[in-house]
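**Student:** Letter by letter, the chains look like this.
Number of protein chains: 2
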Amino acid sequence: MNHNEITTFLNDNNVDAAWITTPLNIFYLTGYLSEPHERLFSLLITKDGEETLFCPKMEVEEAKNAGFKGNIVGYLDTESAFDLIEQRDYATFAIEAEHLSVKRLREVEQAFNVQQIEDIDQVLKDVRNVKTDEEIELLHEAAKYADLAIQAGVEKLAEGVTEIEVLNHIETTMKQHGISKMSFDTMVLFGDHAAAPHGTPGDRQLKNNEFVLFDLGVIYKGYCSDITRTVAFGTPTDKAKEIYNIVLEANKQAISIIKPGAKISECDKVARDIISNAGFGEYFPHRLGHGLGLSVHEFPDISSANKDEFKPGMVLTVEPGIYVPGVAGVRIEDDIVVTEDGHRILTGYQK
Amino acid sequence: MNHNEITTFLNDNNVDAAWITTPLNIFYLTGYLSEPHERLFSLLITKDGEETLFCPKMEVEEAKNAGFKGNIVGYLDTESAFDLIEQRDYATFAIEAEHLSVKRLREVEQAFNVQQIEDIDQVLKDVRNVKTDEEIELLHEAAKYADLAIQAGVEKLAEGVTEIEVLNHIETTMKQHGISKMSFDTMVLFGDHAAAPHGTPGDRQLKNNEFVLFDLGVIYKGYCSDITRTVAFGTPTDKAKEIYNIVLEANKQAISIIKPGAKISECDKVARDIISNAGFGEYFPHRLGHGLGLSVHEFPDISSANKDEFKPGMVLTVEPGIYVPGVAGVRIEDDIVVTEDGHRILTGYQK
Numbered sequence: 564m565n566h567n568e569i570t571t572f573l574n575d576n577n578v579d580a581a582w583i584t585t586p587l588n589i590f591y592l593t594g595y596l597s598e599p600h601e602r603l604f605s606l607l608i609t610k611d612g613e614e615t616l617f618c619p620k621m622e623v624e625e626a627k628n629a630g631f632k633g634n635i636v637g638y639l640d641t642e643s644a645f646d647l648i649e650q651r652d653y654a655t656f657a658i659e660a661e662h663l664s665v666k667r668l669r670e671v672e673q674a675f676n677v678q679q680i681e682d683i684d685q686v687l688k689d690v691r692n693v694k695t696d697e698e699i700e701l702l703h704e705a706a707k708y709a710d711l712a713i714q715a716g717v718e719k720l721a722e723g724v725t726e727i728e729v730l731n732h733i734e735t736t737m738k739q740h741g742i743s744k745m746s747f748d749t750m751v752l753f754g755d756h757a758a759a760p761h762g763t764p765g766d767r768q769l770k771n772n773e774f775v776l777f778d779l780g781v782i783y784k785g786y787c788s789d790i791t792r793t794v795a796f797g798t799p800t801d802k803a804k805e806i807y808n809i810v811l812e813a814n815k816q817a818i819s820i821i822k823p824g825a826k827i828s829e830c831d832k833v834a835r836d837i838i839s840n841a842g843f844g845e846y847f848p849h850r851l852g853h854g855l856g857l858s859v860h861e862f863p864d865i866s867s868a869n870k871d872e873f874k875p876g877m878v879l880t881v882e883p884g885i886y887v888p889g890v891a892g893v894r895i896e897d898d899i900v901v902t903e904d905g906h907r908i909l910t911g912y913q914k
Numbered sequence: 564m565n566h567n568e569i570t571t572f573l574n575d576n577n578v579d580a581a582w583i584t585t586p587l588n589i590f591y592l593t594g595y596l597s598e599p600h601e602r603l604f605s606l607l608i609t610k611d612g613e614e615t616l617f618c619p620k621m622e623v624e625e626a627k628n629a630g631f632k633g634n635i636v637g638y639l640d641t642e643s644a645f646d647l648i649e650q651r652d653y654a655t656f657a658i659e660a661e662h663l664s665v666k667r668l669r670e671v672e673q674a675f676n677v678q679q680i681e682d683i684d685q686v687l688k689d690v691r692n693v694k695t696d697e698e699i700e701l702l703h704e705a706a707k708y709a710d711l712a713i714q715a716g717v718e719k720l721a722e723g724v725t726e727i728e729v730l731n732h733i734e735t736t737m738k739q740h741g742i743s744k745m746s747f748d749t750m751v752l753f754g755d756h757a758a759a760p761h762g763t764p765g766d767r768q769l770k771n772n773e774f775v776l777f778d779l780g781v782i783y784k785g786y787c788s789d790i791t792r793t794v795a796f797g798t799p800t801d802k803a804k805e806i807y808n809i810v811l812e813a814n815k816q817a818i819s820i821i822k823p824g825a826k827i828s829e830c831d832k833v834a835r836d837i838i839s840n841a842g843f844g845e846y847f848p849h850r851l852g853h854g855l856g857l858s859v860h861e862f863p864d865i866s867s868a869n870k871d872e873f874k875p876g877m878v879l880t881v882e883p884g885i886y887v888p889g890v891a892g893v894r895i896e897d898d899i900v901v902t903e904d905g906h907r908i909l910t911g912y913q914k
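So the sequence lines, in the order shown, correspond to chains L and S.
Following the numbering used here, the numbering of the first sequence begins with 564 at its first residue and continues without gaps.
Following the numbering used here, the numbering of the second sequence begins with 564 at its first residue and continues without gaps.
Calculated directly from the structure, the hints in this document are not laboratory data.
No false leads were slipped in.
Calculated cross-link-like contacts (lysine to aspartate or glutamate; reagent style EDC-like; alpha-carbon spacing at most 16 Å):
#, chain 1, residue 1, chain 2, residue 2
1, S, Lys738, L, Asp766
2, L, Lys870, S, Glu642
3, L, Lys826, L, Asp904
4, L, Lys666, S, Glu661
5, S, Lys784, L, Asp748
With beta-carbon atoms standing in for the labels, derived distance ranges:
#, chain 1, residue 1, chain 2, residue 2, range
6, S, Gly633, L, Gln685, 34 to 40 Å
7, L, Arg602, S, Lys666, 18 to 24 Å
8, L, Thr609, S, Gly842, 37 to 43 Å
9, L, Arg602, S, Gln913, 28 to 34 Å
10, S, Asn628, L, Gln714, 30 to 36 Å
11, S, Asn628, L, Lys802, 20 to 26 Å
12, S, Glu903, L, Gly612, 55 to 61 Å
13, S, Thr695, L, Asn628, 39 to 45 Å
14, L, Asn628, S, Gly842, 22 to 28 Å
Derived contacts from chain L toward chain S, CB cut-off under 10 Å, selection only:
#, residue
15, Leu639
16, Gln739
17, Asp831
18, His853
19, His860
A quick note: this is a predicted structure, and the numbers were derived from the prediction, not measured.
For each residue, glycine too, the CB sits at the ideal point set by N, CA and C.
The task is simple: from the sequences and hints, build the whole structure.
**Tutor:** Here it is in C-alpha cells:
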C-alpha cells in the first residue's frame, strides 16, 4: 500500500497524526472495505508510522482477514471508541476536511487534545490520482463489463419496451456475469426524456425513431467503470443526427489531445469549443468529465477550472453532451487512461 | 412537508437560518432526491420560512418537477454557488453537524458571515422519527417485498449452490417485481460463514444440514425494509438448533414489550438477558436494532444507550443474533411499527 506518502507528509509538515475517514481511502490503505453508516470508522496514522483502525467490534475479524496488520480498536455500539485507548495528545492533527463531519471533528479534537488542524485531502487525492498497473488492469476489466452492459441494453430495445424493463435486463445480465454491483444507478432514457442530463428511468415506452441514452458502470473488484452511449432506435430526425455528430466530434477531439503534460482544462475547452461553435454551448451545462477509480467520481476534475496537467496513470472520463429540452439529449462517454506517451481508451463499445 | 418544526426551532432559538445537507433530509423537505457526489447540494431555510435549494444547474428542472416551490440556485461546475446570490449575513446559523463536512462549514461561515453555529440534527431526527400513516404504508409495502425476497432465496437453495448464485437470484427476482434498488448489499451466508455478522457473500457452496442466513431489504418509493432470516437446509446440529431457539425467543420477547411509553433500552435488555442467561452473551456484539425509514439505519437507536421511550409512529428493527466462530451464526430480524396501543410487525416471513 501507499502509506509512505502520508508519513512523509506528516513529518515534512510537522503534523503529529492523520485521521483518515473516507471509507474508500481506508480501503485503499488497509485492504478493508466497510460501509460504517453512522458508526465511527477511521484510520489513525501517526508521524512514526503506527496505524490504528477504529471500527465496530463485530468487524475486527474481517479487517484482519482483509490483511490489515496494524492495531485495531473494536468498540461496541454502547462504547465510545476513544475510551478504549490510552490517552494520547496530537497537538497538530491532519483530517480529511472534505469528509470529516463537524461533529466528528469536535470528538477527535477532544479525544486527542488537538490544538491545530491541517488538511490531508490533497495528499490522499494525489496518491489515488495516479493508478498502478494493477489498478489500471482492474479498471479495464470494469470497462469491458460496461461495454457488455450496453450491448445487453441495445439487444433489449423494441417498440413499446419501457426504460425500467431495459434497465432490469441490463442489471440481470450483469449479475449473470458475476457483477453484483453497478457503480451508480443505471440510466436508460428514451427520446426527449434524455434531455434531462440526470434523469430517472421510468415507465416511458420506446417509440420508433427515437434516441436511447444509456449511462452506466459496474464495480469490478472495487474498481468502477462509467460509460455513456446514445443510440438511435430507427431513423432519428435530422436535428437529432446533427446533435449526435457534434457530440461525437467533441468526444473524439477532446480525447485526442490527452497525453502527459497536456493541460486538463484544454481537454474541456476542445470539446466545449466544438459544441459552442455549432451553436449549442448553452445546452452543455456540465464539466467534460471526472477521474475514475475506487470511486466513480474522483480526481482529477476534467473542467476549465482544473489548472493541472495530465500525468501517466490518471484514469478519467470524457463525456460531452447536448441536451435540448423537448428535442433530444445526447451524451457520449468513454473511460481513458493516460499512458507514458499518450492515452488508451478503456471502453470499447462502438460510437 | 414538515417545515414548521424547523422555522419554529429557528425562531425559538433565535437562529437566523438553517443549512440542510443530508440528501435524504432534503428529499424529505423538498420531494427532490439527488446524489450530489462531491458537489454542493443544500437547502437553506431562513427564520422567516424562505427556502432556497442550491444544486447543480443541470438538476434545476428536476427539482422543480419534483414539486419544490422555493428558490433554486443552480450553479455550473465552474461556478461557486455562493457567488450567484446576493450577499446576506446569518450571524447565528444552524447546521447538520453530523453531516456537514469541515470544509463545507468553512465555506458557509465565510459566505454568510456566520458568527455562531447551532446544531439542527436533533430537530430533523425528531421530525423523521415519527412516521406519518402514508410513510408507514410505504414501509409496509417495502417489508412485503423483503418477505418475497427471502422466499426467492429459500427457493434457490440446493446442495452445491454458491452464496453469490442465491444472491443473484434474489435480486433478479426483485427486479422482475419492479424493485430497482436494494436498501443495502444483500447478504447470503452459509454455515459458519454466517458467524461474521457483517460477512460478504462469496463462492462458498451450500452443504447439507447447514444454516443459511439472509439479511436484505428493498427500497420502495424511497422507503426501506430490512429483514433477516436464518433457515436450516437439511437437519442442523443440536448446538445450532439450540442457538436458533435462543435467538428466536430473544426476537419474540423483545418485540412483545414494544408499545408507546415503554423504554427503548428495555427492549434491548430483554433480548440481551435471554441470550446472556443462555450463556451466549459474548456472542451478541451489536445493538438490538435501529430505526428504519428513508434510510435503512436511522433513529431511534435500539440499544441500552437510548434513554428514550417508544412513541407511536416509530418504525424500527429488532435483530438479535448469536455468532459463534466456527460453529454457527444466527440472526432473526423484523421491522416493527409502534402503534397507538402497542405495535405491529411489518415483516411477515415465517420464523
